[in-house]
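Using the sequences and the accompanying hints, generate a full structural model.
For the sequence shown, the working numbering assigns the number 130 to the last residue and increments by one with no breaks.
Worth flagging that the hints you see were computed from the coordinates, not collected in a lab. One or more of the hints may lead you astray.
[As the list claims (entries may be wrong)] Just the calculated beta-carbon pair ranges, DEER-fashion: (1) Q107 - P79: 15 to 21 Å; (2) T125 - Y44: 26 to 32 Å; (3) G23 - Q89: 29 to 35 Å; (4) H15 - S101: 17 to 23 Å; (5) K53 - K24: 23 to 29 Å; (6) K53 - G23: 29 to 35 Å; (7) D117 - T7: 37 to 43 Å; (8) T7 - G114: 31 to 37 Å; (9) E43 - Y87: 29 to 35 Å.
Glycine included, C-beta positions come from ideal geometry on N, C-alpha and C.
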Amino acid sequence: MVKLTELTSKFRHVRLVLARGKGHPEGDSHEGYDLLVPLDEYGQLDAVEWKENQSLCRVRRFRPKGEDLIGRLRRKPGGQWYFDYAQGWSDDELAFHLSDERFVQGEYLSIGKGDAMRPYRITLVEKP
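Right under this line is the structure:
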């Protein structure tokens, strides 16, 4: 469990919920992610802060059915960000162009496995 006293001032709690799309014309606020990540002054992921505090950068995937998955934000050589839940690659989820995204309420980003990317809307960005 992450202690709030361990976090630097750049850390933010970010909530993503499934945006409208095929099979979900209204989206689904019961499916998404909670992220604990460092952001820079522009609202983008701070890679330097992440590198210094990797063990604190958490991901919680929630769904209406099944248990939540808890993992970490990781980065592949070359800069691709992904969510890592367990050893091996089979459960990892890629975050499309996450380095370029601004974490601002109302913005959208894509997360998924392989070609199965799904849109998510940022509904919350706050200090933890």
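| Broken hints, by number | 1, 2 and 5
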